[in-house]
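Number of protein chains: 4
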Amino acid sequence: MKKRVCAVIGSRANYASIKSVLQSLKEEKNCDLSIVCFSSAVLDKYGATSTLMRRDGLETAKEIYTLIEGDNPVTMAKSTGLGLIELSSTFQELKPNIVLVVGDRYETMSATIAASYMNIIIAHTMGGEVTGTIDESIRHATTKFAHIHFVACEDARERVVKLGENPEYVYNVGCPRIDIVKNILSSQEINLDRDINTYGVGALMDLRKPFLILSYHPVTTEYSDNALVYSIILEALLSMEYQLILLWPNSDAGSDKISSIIRGTREKDKHRSLRVFKNIKFEDYIRLLNITQCLVGNSSSGIREGAYIGTPVVNIGSRQNGRQRGNNVIDVVVNKEQIAMAVAKQIEHGKYPSCEIYGDGTSAEKIWKILQIANPPVQKRICY
Amino acid sequence: MKKRVCAVIGSRANYASIKSVLQSLKEEKNCDLSIVCFSSAVLDKYGATSTLMRRDGLETAKEIYTLIEGDNPVTMAKSTGLGLIELSSTFQELKPNIVLVVGDRYETMSATIAASYMNIIIAHTMGGEVTGTIDESIRHATTKFAHIHFVACEDARERVVKLGENPEYVYNVGCPRIDIVKNILSSQEINLDRDINTYGVGALMDLRKPFLILSYHPVTTEYSDNALVYSIILEALLSMEYQLILLWPNSDAGSDKISSIIRGTREKDKHRSLRVFKNIKFEDYIRLLNITQCLVGNSSSGIREGAYIGTPVVNIGSRQNGRQRGNNVIDVVVNKEQIAMAVAKQIEHGKYPSCEIYGDGTSAEKIWKILQIANPPVQKRICY
Amino acid sequence: MKKRVCAVIGSRANYASIKSVLQSLKEEKNCDLSIVCFSSAVLDKYGATSTLMRRDGLETAKEIYTLIEGDNPVTMAKSTGLGLIELSSTFQELKPNIVLVVGDRYETMSATIAASYMNIIIAHTMGGEVTGTIDESIRHATTKFAHIHFVACEDARERVVKLGENPEYVYNVGCPRIDIVKNILSSQEINLDRDINTYGVGALMDLRKPFLILSYHPVTTEYSDNALVYSIILEALLSMEYQLILLWPNSDAGSDKISSIIRGTREKDKHRSLRVFKNIKFEDYIRLLNITQCLVGNSSSGIREGAYIGTPVVNIGSRQNGRQRGNNVIDVVVNKEQIAMAVAKQIEHGKYPSCEIYGDGTSAEKIWKILQIANPPVQKRICY
Amino acid sequence: MKKRVCAVIGSRANYASIKSVLQSLKEEKNCDLSIVCFSSAVLDKYGATSTLMRRDGLETAKEIYTLIEGDNPVTMAKSTGLGLIELSSTFQELKPNIVLVVGDRYETMSATIAASYMNIIIAHTMGGEVTGTIDESIRHATTKFAHIHFVACEDARERVVKLGENPEYVYNVGCPRIDIVKNILSSQEINLDRDINTYGVGALMDLRKPFLILSYHPVTTEYSDNALVYSIILEALLSMEYQLILLWPNSDAGSDKISSIIRGTREKDKHRSLRVFKNIKFEDYIRLLNITQCLVGNSSSGIREGAYIGTPVVNIGSRQNGRQRGNNVIDVVVNKEQIAMAVAKQIEHGKYPSCEIYGDGTSAEKIWKILQIANPPVQKRICY
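Residue numbers (numbering that gives the first Met the number 0), protein chains in the order written: chain A, 0 to 383; chain B, 0 to 383; chain C, 0 to 383; chain D, 0 to 383.
Honestly, the hints are just simulated from the structure, not real lab data. Any given hint could be a false lead.
For identical chains, the list gives no copy identity; a pair is met inside one copy or between any two copies.
When the alpha-carbon atoms are kept at most 25 Å apart in a straight line, the in silico BS3-like pairs for lysine-lysine are as follows [unchecked claim]:
#	residue 1	residue 2
1	Lys28	Lys335
2	Lys277	Lys44
3	Lys44	Lys280
4	Lys161	Lys267
5	Lys44	Lys28
6	Lys208	Lys94
7	Lys277	Lys1
8	Lys280	Lys2
9	Lys28	Lys94
10	Lys280	Lys256
11	Lys44	Lys161
12	Lys267	Lys94
13	Lys368	Lys344
14	Lys25	Lys208
15	Lys94	Lys256
16	Lys44	Lys94
17	Lys94	Lys181
18	Lys28	Lys344
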């Protein structure tokens, strides 16, 4: 009998983290894959993930509107509640054997609780990592509900086991994003210069010349400061002479304020070589990471994909605290001078050698092998 | 400035587990206590907890209807989602410094997630224990969201620390239910015989003669079997010649089926000395535990209050697995003969000496002392 | 292209009112019928309507839990809100051309608003009637949202037109319940005596002897009095010497109190020839109406099916005020003596001749003919 | 005893329509006014209505996030469901004698259904009018739920009575917006020129020279065309040589597309004398209406405030169809040439004399007088 696997995607980042797995499961004869999109994943404003997926050949079984406007901690909580209500109905209808949940964003708890209470096996990717935001609690709580753990690095595997999970069901399969990265970097060159200038807004980029990338997401528990932090980082980068690519923040509480700073900067500083992307294509992003002088901000991609690619990264603030990292990352606090100095240092160093701590590009096939044989009890029990 | 503490009560059992703390906080000058009742705690059908509280002098700030009818895993999940939506609005309005959540029932996650996402300090009682039901995952996940842990026994303290919580914020204060037990047992005798026969339905009980108590709650992950299990236990007890007190199950998925078995037994076996209580008064219950020949079932009260009181207990099935227990408990599987034998053995043994593993009756004062000084960071971080 | 019709069923009464239409639409080649059950229609407690439908060969496309426990005006409103959320998602997925809504119960507004806001044509049955409860406002508001009106009598047709609806889309097709009634009464006799005693609880009924039927539903806006009213009616009927069949009330606010009176009466008056049905089979009910000495209460079936069958009816209180009625109905206020007198009078009169004011048993075929050709604009406009 | 009046505000337009009444009720000794803001009224993005109210001295009792992101018919319906859930809890807590609902936007149904099902008297302003959008059905359905009708013109009064409402409870009090208009126009001149150039974005306006105002809101049932329609209107106006003030559309489905056209026009046509206001101050708006050469679009303010002020108006499309209007309005279909011609004609004509069909500026005091004495039965009954 086919395994009915239901993958729940709540954001564009979610999708990027599981895309190779979805593409792989879709091709397997013995897998009946349903993809459910909800929260920011169904909204144009946050990258139209569900549309993107269809374009990638991944049909969605459901697209559910659950994100409550307000962009603040109250609406994050309420949106999670609404997602929980609707995903319960969804699982009642789809009757999956396994629910596949990804990562640690707030809406992840909607799928996790619905599946857990409905006695459905939960497979969770990217557990066991440590970060400095609300995601931290969500990730470990999800681990306590999940039955099968697909962790991305050794560090994470050890942590999940320490959390009292049965080691038999904790698998270091690497990060599925690396599958995509490997695939992109091994595929034929595209004309990245041309492509990158056909979307986004702002000045034209000349990728033969040095450029920096800024990708900074609001930190929920430091909520009130996000706008200030963002301004400081921008100032640091604008004080240097390089071209600058800005990536739009995700939909966490605080993103609206950052968005308005981005708009403001564009209006004020019209002659700067600055280009803004609301939803950069992942493929373009990876190719940019492969050639940028430095990625700046607090995106996990610097740590994770950056390690495999060898991208020089300046990581700012607490958001990625505790994530296992390769040599390619310099960490700094939120300080204009320190940021500028670290960026300068990375530019001088140049690209790093590839490092496989987050996988070797074969996560998807490992995951499907395990999903076919793993048979954890639905009633969990802490191991100590 | 006063501490604004918001206690969230979702069931009658919740209330019993925290009552002494609420009564204590209410009297403290520096504490501004708000009590929010929701889920089964506002419904007459499940014991009219909010009404009970008012009678105990505890005014509720809000009473919110969130329980979706259906009594099954789907509605447990959906009810949790609805609770999450409404509690978010509630916390937005009340702006507590601390949210106090109790135990491990499914609706607990509503309060936990709302508070966590809204950056409010969560104090959690009864974490770190181990049981064999869905509560298990909920309890440990709640621990991963909570900032201050009030555990009930040493065993639990160690487990919460192993889960990566900062030991500085894990306090073994004993179980607050023991405060109430101590108070009841040290207060003047009431005429229990008379009182117990004024409510509930069924035959009159003569408490000078031997009697058994059955308190069995549905086990969510073994959902389909609850009715059968209950029938087997009932048969075992009805095969003995003692008076029998049946306590109605709580509102978890599966309770409707058990309820109909109880009704059926009453109709079939009219001449049995059987009395059924939908919502026994806690005081009466404690006094009954103090004199019963044996408590049978899977209620945590046998393990917890039973240890302090010295009640002989026969604990059935997986629901209390892993809970630290005193000598007063005999564990059996669901088997008619084994249940009957264990009950016979307990009757022969008689009452046990008091054991303080779950506290000495001073939890409430310990908790308030800690709440005044504990100042954990709102942004948590796993300790390994 | 096939018409995609989505019928939304929220209660057992809903189903009975539209069953013949559903069975007819299901057989039509050019109709793609989806049946959605929600609210009390998915709950065993209220008659397991969705199960019943499957047994009648009508598969449901969705069964959604939306009823919030509490049985009071607050939960009626909240349940409607939850239904609206979930039905919106449902219509988004099913993309019906027409949503078929039935009658005037509170949950009807969930389907009506979802469809209206989503620009889907609404066909509404049973508009234009007048009653003395909250249903009154719901029914007329639904008319103001609906595009195609299938009214059950001439009186109702005129009223819908007066409400400013385009007469072109107001069709007096009779009441679809009459289709079923006609079918039942023209089908072969079953052994009703035997059947009726195999379910329900209470004394055995001997249908060769005289018997009364009591069917009383709580009146929402007179909410606080429902229990009292019910007691008075019961006393009146118990003062007479006839066998008595009691039908359980529907799930409106107030039903819990009535339920407990029914239970109480059964316990007190054990030797009375009294039989209680939680969910009587519609077929049995119609056959009972065909032979009962008198139907008492405030059910619309007395007015509607009663007219066609010729059942003597004593209608109590305001609930059916303003409904067009045949000669078979005597109206009384809530007064023990008047109720008893009216019942006595009806018993003396005996059965009435059939009257077709509510249709001749061909509603379903009329409705399908109209659904195929009616093409109202989705943007409505009042006619004056 | 004080009347507890709960006013529910769901949008900035709502507030403008009831502001004079709220200010008046707030001052009345015998009125205990609670203001509840929800839906777009609590969101900065849509004008931060609740913040505005506090600035106007009107404290809100609750601010509830209920708007689900997506800006489409599905989310309009779901947001209404979420509003219904939360407003039910709100009314349960506030226990108002009267709920005051305003107008006919989709979220109005949340308050209307909650109050109606909870047996609370509903007072509704602005019923009985006719328009060409989804608002049409909502307005008349709200009338069918409301108990006290405060209509704004004679035409509307007659229509509400025709809808079967008891004429005794239908009061033509004029439109409360006119109270504000009267007050603004009779207060001292401010330096409008200066003020208007301190907010909004775009070119500086010189109000001594001719200028046009464009205020166009998406039409829900013509949803797919809104972007096109807007482009056509803009072209017509940009072909003329006058200064142009653009007002941002409200949050109905479709507004996102119009917003992006506005942004696009600003980027393309940088040298045009064009100024865009997301949330123009009502006072400024009224003063602008008092001196503009012509108001273009489909805003009700042209018909209503325009009549009292004498503003030349070109009304486009179906949105205001059927609204009683003064001589100041020319209606046109969506056609570039016709729009341009009508605007030219209005500019030639110049200002019109004031007309009191929508009130004389004393609505608020009339409403409070009526609220004190009107005592309609909570159980409504159609009058025919």
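Here is how each hint holds up against the structure:
1. When the C-alpha separation of Lys28 and Lys335 is checked against a cutoff of 25 Å, the pair qualifies neither within a copy, at 54 Å, nor between copies, at 46 Å.
2. Both within a single protomer and between protomers do Lys277 and Lys44 lie at most 25 Å apart by alpha-carbon distance, with minima of 8 Å and 19 Å respectively.
3. Only within a single protomer do Lys44 and Lys280 lie at most 25 Å apart by alpha-carbon distance; the minimum there is 15 Å, versus 27 Å between protomers.
4. Taking the shortest alpha-carbon separations for Lys161 and Lys267, neither the intra-copy value of 51 Å nor the inter-copy value of 52 Å comes in at or below 25 Å.
5. Taking the shortest alpha-carbon separations for Lys44 and Lys28, neither the intra-copy value of 35 Å nor the inter-copy value of 42 Å comes in at or below 25 Å.
6. Taking the shortest Cα distances, Lys208 and Lys94 never come within 25 Å of each other, neither inside one copy (53 Å) nor across copies (51 Å).
7. Taking the closest pair of Cα atoms, Lys277 and Lys1 never come within 25 Å of each other, the shortest separation being 39 Å inside a single copy and 41 Å across copies.
8. Proximity of Lys280 and Lys2 under a CA criterion of 25 Å is satisfied in neither setting, with 31 Å inside one chain copy and 40 Å between copies.
9. Only within a single protomer do Lys28 and Lys94 lie at most 25 Å apart by alpha-carbon distance; the minimum there is 18 Å, versus 30 Å between protomers.
10. For a Cα distance limit of 25 Å, the shortest separation of Lys280 from Lys256 qualifies both inside one copy, at 23 Å, and across copies, at 23 Å.
11. In this assembly of identical chains, the alpha carbons of Lys44 and Lys161 never lie at most 25 Å apart, being 39 Å within a copy and 42 Å across copies at closest.
12. Taking the shortest Cα distances, Lys267 and Lys94 never come within 25 Å of each other, neither inside one copy (53 Å) nor across copies (38 Å).
13. In this homomeric assembly, Lys368 and Lys344 never come within 25 Å of each other (Cα to Cα): the closest approach is 43 Å inside a single copy and 51 Å across copies.
14. Taking CA atoms no more than 25 Å apart as the test, Lys25 paired with Lys208 passes in neither setting, with 40 Å inside one copy and 65 Å between copies.
15. When the C-alpha separation of Lys94 and Lys256 is checked against a cutoff of 25 Å, the pair qualifies only between copies, where the shortest distance is 23 Å, while the shortest distance within a copy is 40 Å.
16. Within a single copy, Lys44 and Lys94 get their C-alpha atoms only as close as 31 Å, which misses the 25 Å cut-off; across copies the closest is 24 Å, which meets it.
17. With identical chains, the CA atoms of Lys94 and Lys181 are never at most 25 Å apart, being 34 Å at best within one copy and 40 Å at best between copies.
18. Taking the shortest alpha-carbon separations for Lys28 and Lys344, neither the intra-copy value of 50 Å nor the inter-copy value of 57 Å comes in at or below 25 Å.
In the structure shown, a violation is registered for the earlier hints numbered 1, 4, 5, 6, 7, 8, 11, 12, 13, 14, 17, 18, in ascending order.
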